[in-house]
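Protein chains: 2
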Amino acid sequence: MTLTTMTRHSALILIGNEILSGRTRDENTQFLAKKLGELGIPLREVRMIPDTREVIIRCVVELRAAFDEVFTTGGIGPTHDDITSPCVAEAFGVPLEHHTPTFTLLENHFGKENFNAARQRMAYLPQGATPIENPISLAPGFSLGNVHVMAGVPRIMRAMFDNLAPRLKKGTPVLSITWHVFSLYEGSLAEGLEAIQNLYPQLDIGSYPFHRENGIYGVALIAKGQDSAAVQKAASDIRTLIAATGGEPIQGEPF
Amino acid sequence: MTLTTMTRHSALILIGNEILSGRTRDENTQFLAKKLGELGIPLREVRMIPDTREVIIRCVVELRAAFDEVFTTGGIGPTHDDITSPCVAEAFGVPLEHHTPTFTLLENHFGKENFNAARQRMAYLPQGATPIENPISLAPGFSLGNVHVMAGVPRIMRAMFDNLAPRLKKGTPVLSITWHVFSLYEGSLAEGLEAIQNLYPQLDIGSYPFHRENGIYGVALIAKGQDSAAVQKAASDIRTLIAATGGEPIQGEPF
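Chains as they are written, first to last, in my numbering: chain Z, 1 to 255; chain V, 1 to 255.
Rather than coming from a laboratory, the hints here were simulated on the basis of the structure. Check the hints yourself; a few may be wrong.
Which copy is meant is left open, because identical chains are indistinguishable; a pair holds if it fits in one copy or across any two.
Restricting the straight-line Cα-Cα distance to at most 25 angstroms, the calculated cross-link-like pairs of lysine to any residue (SDA-like) are [stated by the list, open to error]: (1) 34 x 131; (2) 35 x 212; (3) 35 x 247; (4) 170 x 185; (5) 34 x 47.
Starting from the given sequences, assemble the full structure and let the hints guide the process.
Written out as structure tokens, the structure reads:
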């Protein structure tokens with residue numbers, strides 16, 4: 001039997017000064033990381049960058065060449081610091097265009113008298129872009145080639161991603177099995193774990209120690225990858241290793 | 001009077017598959033972003049990358065050339081996926097060396113019989129590195145040139161950063177003043193806000209809408225920068241703008 005896994009990789013660009021200043025804690029990476037793993041398009045790089053034209057353009061150009069899919073969040077609202085759309089247009093070398101269906105949608109929503117110049121900016125999309133519907137605040141994101149531009153507000157981003165997901169080309173889902181053990185340090189498990197990694201080079205075998213304020217410590221050991229039979233075998237080997245080292249293997253996340 | 005602000009910029013590299021897979025939510029960026037703003041070395045870019053040799057090396061080389069200081073978290077433990085130290089050594093073109101004081105410290109801590117090959121790896125540092133003390137689990141981080149390598153476990157990272165901070169060359173602290181307003185959309189404030197940004201080009205004037213599940217919405221408007229007199233004037237202008245648009249300006253974070 002030959003195993004066919006289709007490996008597709010993605011990158012995420014979080015655009016906005018508020019994360020870099022520590023004002024806002026990023027809630028979008030974890031959501032997208034899990035969803036993209038399930039879709040078989042796992043995240044391989046995330047960049048958090050400021051609302052700076054040259055930085056955004058350089059980042060989009062670089063990452064869309066390096067990854068199958070690129071997602072962005074942030075910078076598509078009506079204010080002066082919302083510059084993602086023109087930057088993505090420039091990264092693709094296409095003009096921003098008045099998008100009539102979006103203009104009509106927003107004009108009806110805000111009313112003619114409140115649909116001011118700032119809000120009208122949200123009705124301009126790069127030439128050739130496909131809108132990503134926004135059921136919450138209406139102004140859409142868009143896909144252009146392999147770049148998918150979404151809002152930064154987590155609730156809106158999640159709604160946009162739900163609309164985008166069915167259009168994405170899927171790969172083989174990532175399977176992950178976790179064992180926890182308390183009161184063992186990873187240094188005691190390291191040698192055996194490396195041997196397991198060497199048995200399954202197509203997987204990520206990870207070791208994540210924890211040290212709580214209350215003195216509780218231990219390690220989470222994870223087998224992860226797109227070859228599900230190998231993930232299951234490696235997880236079984238990890239279980240055996242923990243028991244052989246004198247620990248009690250606990251499956252899943254005990255917290 | 002001339003104003004002298006010393007602008008120093010930093011970047012952060014979060015190394016580890018566990019954030020990219022969504023297993024772990026990043027807790028380190030927000031802590032470091034705030035601390036580095038206070039020290040006048042604000043974060044300008046964050047990258048989350050996997051435990052992959054070429055990616056780590058390329059990232060360190062690129063960011064240490066582009067920024068005054070570079071911080072890394074993750075990948076300095078005893079297991080096979082902890083490869084940050086050799087990668088940083090390679091990025092600087094120096095060998096990894098047996099670091100005798102660290103070796104002695106860890107050997108005394110674990111005891112000779114438990115100080116196995118995996119744990120001994122933590123006593124190797126790049127040639128010329130200065131250890132960053134780790135009061136919790138003892139194995140140190142290190143500084144090499146403008147690159148500062150810390151643990152990924154948040155509690156250990158924070159303790160290491162507290163030890164590192166006094167050695168960092170400081171810049172002018174970043175001051176930030178926030179106004180909130182409920183029940184206004186940023187589209188109504190955008191034009192006035194852009195005019196304020198144009199008055200103070202040395203500042204970041206930011207607009208951050210929020211939309212809660214319970215239907216509550218509004219905007220946070222922020223003046224931020226290293227020119228504290230200008231930040232105060234811009235914040236006062238923002239307050240006036242909110243009131244003139246029919247909103248009630250609330251200082252700080254009302255949540």
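A quick look at each hint next to the structure:
1. 34 x 131: within (23 angstroms within a copy, 35 angstroms between copies)
2. 35 x 212: between (28 angstroms within a copy, 22 angstroms between copies)
3. 35 x 247: neither (32 angstroms within a copy, 38 angstroms between copies)
4. 170 x 185: Answer is neither; intra-copy 38 angstroms and inter-copy 37 angstroms both fail.
5. 34 x 47: both (17 angstroms within a copy, 18 angstroms between copies)
Comparing the model with each numbered hint stated earlier shows that hints 3 and 4 do not hold.
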